[in-house]
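J.: Residues per chain, in single letters:
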Amino acid sequence: MNDILSIENLSKEYKDFKLDNVNISVEAGTVHGLIGQNGAGKTTIIRLIMNMIEKNGGKITVCGMDNIENEISVKNKIGYVADESYFFYNSKIKKIAAVCAEAYDDWDSEKFSGFMKKWEIDENKKVSALSKGMQTKLMVAAALSHDPELLILDEPTAGLDPVARIEILDILREFVSDGKRAVLFSTHITGDLDKIADAITLIINGSIRESMSVDEIEDKYAVISGANSILNAQNEPLTIGLRKHESGFDAMIKRADLDKFEGVSVKNPNAENLLTYSIWQNGKEN
Amino acid sequence: MTSEERKRALDVEKYVTGIIGIKLKDAVKTALIFDILCIAVMFTVSLSMGDQSYAAGILSPLFIMIVNFLIYGLTSAASIKTMYNFKIESSCSVNINDFLCVLPIKPKDVCNYSAICFEAISAVTALAMSLIHIAALITNNMGFNTFFNLIGLYLFISMIFRIVEYFCFVFKIKNGFWGAFIGGLFMAMFMFIPIGFLDGLGTVEEISEFNDRLHIFSAFSGISGIIIEIIFLAFLIFICEIRFKNKNSISWNLK
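For the record, the sequence lines run as chains A and B.
First residue of the first sequence: 1174, per the numbering used here; consecutive thereafter.
First residue of the second sequence: -18, per the numbering used here; consecutive thereafter.
Source of the hints: derived by calculation from the structure; they are not laboratory data.
Please note that a few of the clues may not be correct.
[Said to hold, decoys possible] Only pairs whose alpha carbons sit at most 25 angstroms apart, straight line, appear in this in silico SDA-like list of lysine to any residue:
1) Lys1265/A <-> Pro85/B
2) Lys1393/A <-> Trp1453/A
3) Lys1267/A <-> Asp1278/A
4) Lys1265/A <-> Ser1286/A
5) Lys87/B <-> Thr1234/A
6) Lys1299/A <-> Tyr(-4)/B
So here's chain A without its partners, still in its complex pose (with noise of 0.2 angstroms):
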């Protein structure tokens, strides 16, 4: 298997967060969905993948490269954008590709100039007059533009309008088209996993929950509805992130048991279903 990015027992300790032990593999040719709550630790080990903080134990590994030991040859294969515009915001748009162009060893001015064309961002303005939706786009453009092998983006389609957030996607699938990339894409907004990912991991409270492909999830697991009086001592228990209406219960369980809910109907979780409902079944646990 070719792994373009692979975390291996991480661990990160704030005075009141900690990451502990996360392993994620994100293969080439795919989309792999990082989802949690706000809080969860999505940005720490976006972060940790871009040596921003210290980690304090693990291993992380991009493109077979230790990212700290290799940390130059590791940035020229990464694109990172981030939930909000890191450049500098009095800086021309010129500046900052001149800046790029300088700095990393495949940096394709005409590549860049064609996005900045195709999105109508007049490279003389400022990174200041550019609205949030295309301040994304620069960095979406400045991410690409350096021939990276690995995405990395932190809640990017955040405050986009619906049809920049379409636009991204596009970008996204076609980047990954060719089986030789990867993208990791953290986002709260799941919708968005719905449309093209093709693994997801899900964290809670800094530890990793589950960590599968898309299919995987829907063969482990299935969201349920139906009447309360289905439910019974034996079969409640095994509900995850049960909410019980008037009308009657939804919840989501492994699918291996659900021969013992009878009258329910099923449908197959999405990444907004692996996210509520394990969140729900954390707060009760907790």
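Chain A is fixed; fit chain B onto it per the hints.
T.: Structure of chain B alone, referenced to chain A:
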């Protein structure tokens, strides 16, 4: 830092300069030129004030300090504040190191560049302060009645504020409140206190009486003032050594 490490660290400047537009050495040069210009202005003012020589003695060094700190603000805003966890924009939670972290640059080089900036700005400020003492000594030797004690008080207070400000930068505790607080103190220190002396103390005799009561601060002016500045600079460089130099991560400098 070896010469090779220093060269690599200064290489980082092209990215910083590319983003914020001012080279450290240009900023330092500008500060030094302004220092010299200020001394020229001081002599001109002192010589032209005639019987108001008391005022000339105190005002000229203060004038130099104001200009120096305006320059200090300019150079540090351009080339160093962004390195010390200053946000790119008040509404934005990222700083310049977020961008540097994305680029294929070694964190150690960024740390060493931070150290070079820190030392350069500290040295320029110390030099500017020393020039004030030298200027005061020269005006005194020229026969003007310079208020050394007042200058000593002034520099003593400024040193305390500089310590607070440097610690806020170095140990990343400069947030909105401290930013406003220290900014306000500096503003008061360098803009309003001299005006207060002019308006409030009024006559030369009153200023002279006030100066006489401040003899405890005489150690902070003249030759001993210069020595204190040099010791203070050495202290800052020591902090710089233990905090920034040759560190392998710039995580201390990120949100």
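J.: CA of Lys87/B to CA of Thr1234/A, is that 25 angstroms or under?
T.: Holds - the C-alpha atoms of Thr1234/A and Lys87/B are around 17 angstroms apart, at most 25 angstroms.
J.: Given the hint that Lys1265/A pairs with Ser1286/A, test it: the Cα-Cα distance must not exceed 25 angstroms.
T.: Holds, at roughly 14 angstroms.
J.: Just to be careful, I want the Cα atoms of Lys1299/A and Tyr(-4)/B compared with a cutoff of 25 angstroms; is the pair within it?
T.: holds (17 angstroms)
J.: Check the hint pairing Lys1267/A with Asp1278/A against an upper bound of 25 angstroms on the C-alpha distance.
T.: Distance ~18 angstroms between Lys1267/A and Asp1278/A Cα, so the pair holds.
J.: If you draw a straight line from the CA of Lys1393/A to the CA of Trp1453/A, is it 25 angstroms or shorter?
T.: Roughly 18 angstroms between the alpha carbons, so the hint for Lys1393/A and Trp1453/A holds.
J.: Next pair to validate is Lys1265/A with Pro85/B; report whether the Cα-Cα distance is within 25 angstroms.
T.: Distance of about 21 angstroms is within 25 angstroms: holds.
In the structure shown, no violation is registered for any of the earlier numbered hints.
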